[in-house]
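Chemist: One letter stands for each residue in the lines below.
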Amino acid sequence: MTGSVALAITILLLYCGAIILIGVWAYKKRLPGAEDYFVASRTFGSLVMFCAVMYTIWSAFTFYGWAGDCYTHGIGLYPIASPGVVMHGIVLAVLGYRMWVVGKKYGYMTPGDLLYDRYPSKVYLVLIFIICFVFVLPYIGVQLIGAGIGLQALTQGQVSYLFGATLGAVVLFCYLFVGGQRASGWTNVFQGITFNIVLWALFFALLAKFPGGLTAMTAKALEVRPGTLGVPGPTGYYNWSMTLHQALSGALVITWPHVFQKTFTARDKKVFLFMVWAVPLLEFLFYIAPTLLGTSVVPAFLGGQLTKQAADEAVQRLALQYMPYWFAALIVCGVFGAMLSTADGQAMIISASFTRDLYLRLINPRASERLQEILGRALVSVGIFFSFLFAWWRPAGIVEMVAQFAYPGYVQFAPPLIAAFFWKRATKEGAVAGTIAGILAIAVMVFKIYKPPFGMTSLVFSLLCNVVVFVVVSLLTPPPSAEIVRKFYGKSAVFASTATSAVYTASVQPEARERRGGLPARLASLIALLHVRA
Amino acid sequence: MKRGYGWGDAVFAVVALGAFLWGVFGPFLWGPTPNPVMGYWPPGLLFCYLPAGFIVTAIGYWYFHVYRKGELGGEELGKD
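Listed in order, the protein sequences are those of chains A and B. The numbers in the working numbering rise by one with no breaks, and the one at position 420 of the first sequence is 420. The numbers in the working numbering rise by one with no breaks, and the one at position 35 of the second sequence is 35.
Hints in this document: simulated from the structure, not taken from any laboratory. Everything hinted at is true.
Here are the simulated DSSO-like cross-link-like pairs (lysine-lysine), alpha carbons at most 30 Å apart as the crow flies:
1) A:Lys28 / A:Lys269
2) B:Lys79 / A:Lys105
3) B:Lys69 / A:Lys424
4) A:Lys104 / B:Lys79
5) B:Lys69 / A:Lys105
6) A:Lys487 / B:Lys69
7) A:Lys269 / B:Lys79
8) B:Lys79 / A:Lys424
9) A:Lys270 / A:Lys28
10) A:Lys104 / B:Lys69
11) A:Lys424 / A:Lys491
Taking the hints into account, I'd like the entire structure generated from these sequences.
Modeler: This is the structure:
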């Protein structure tokens, strides 16, 4: 091992040590019980909540994959940030605050806690767990893969891929096992600051090194790789449908299970008022750096003929070629920060969802807070271990597969979640049927059984299927109870809901059914209900 | 306390949705080639993505902090 590699490893180990120390500090601040381990006793102020949410979203992909994708397919990836995630500030205020209010009042800690209370169906609870588990676990593996690739590229193969992935898994385990959600939140502050500073410093440093600055750099990029600065990009990938796909997955980021859970960690209302402007501002400003790195800097420095894999490694290559070695080592620290800040939220949600949604609701409803906390810690360990095995296995094309599968999977929460607070008539049968329809729609597209019209992507198509089935089935099934309506819409909504129930009951009562027949009776009730709503 | 809807709610909804749609579809109105007048900034970024971000930030701040005076809706859900 050369001296420079030893220096890089030392810097990285110091960085990881600092993260573990924050985890230990979080452990010392702990309170007994599951609520503290899973949602940090709902104590996150504006800064921690902001970092916890934002840096959970920004992963190892943001560091390497973003610039690589912009190089390969052009600037059309940017809409995931703006107008995509910038909408998250508004979504948090409108939807997230309501989730937090009922979460605090009824003790919710997971997506399953909230959605099961609104749609009390055990089938739906299992579907929620499947989304939280199947669509999230491989994603942690992808983060560890990012750590392994980053360290291997930095040391030019002198340190193995497996060492990087193992180091990532060990650090993740150390601080998350002891500190839970509080450690996740506070380490995200540290990781996020490192991540931001390193990426912007690289961008400005490379800009300064190119004669003529941004203008000359862009002109050069246009010459060697035309098309990266517009849509649909050099490969035609970012057509209207794919752009909408990216923007919607950003705007609905609250439905990602690990972001969903963070909503319950806020201390008070002021946090949400802060997020309204802070989230969009940081989101669209921050992404200028990785986007211009991909569209202008990489083509200008490295030419226009890089393969997809070479483009994904271009940030690290630029740092190695044009920056001092210690700075390249800081880039890997940034990658570790980005990777860990996402993986910790994902490991937390797998653990919490298994403990709360599966074990507490279906197996042992009388489980004590202490038992839940112990189980939570154990499951964090198991989740990280399986993710590590996944990273070790490292199946080919997994990053693309996860991106194609995971985001559309997460947004299946969106229709029931929005309706939980804004559509009293939404029913558990509708939620189950809509979610199944959405998951099936993803499956038929991923396995290439069906190609939807108008070039719709899996996210747009599955969301459309989910919404249509959810609405139709909800209107054809009995409305939710007055107790549910009171919980999620306030006392004033109960009277209107009771009137709706009366109309529904009258339209499907035996004599009415006899007069109109089976299915026509249900359709008549649908029309009657629409009339009442109007 | 639950409140009714007014002109500000309509302005907020139209502007936020408009900014979202402008950010998604606006860049298709421009070609990929920037020019020196724009300082060689990508036109989609300059005219659509960044304005969409600014507008969403500004309208969100105005609506929740100024127009609704800190009321986010759903406050009544936490009360018995």
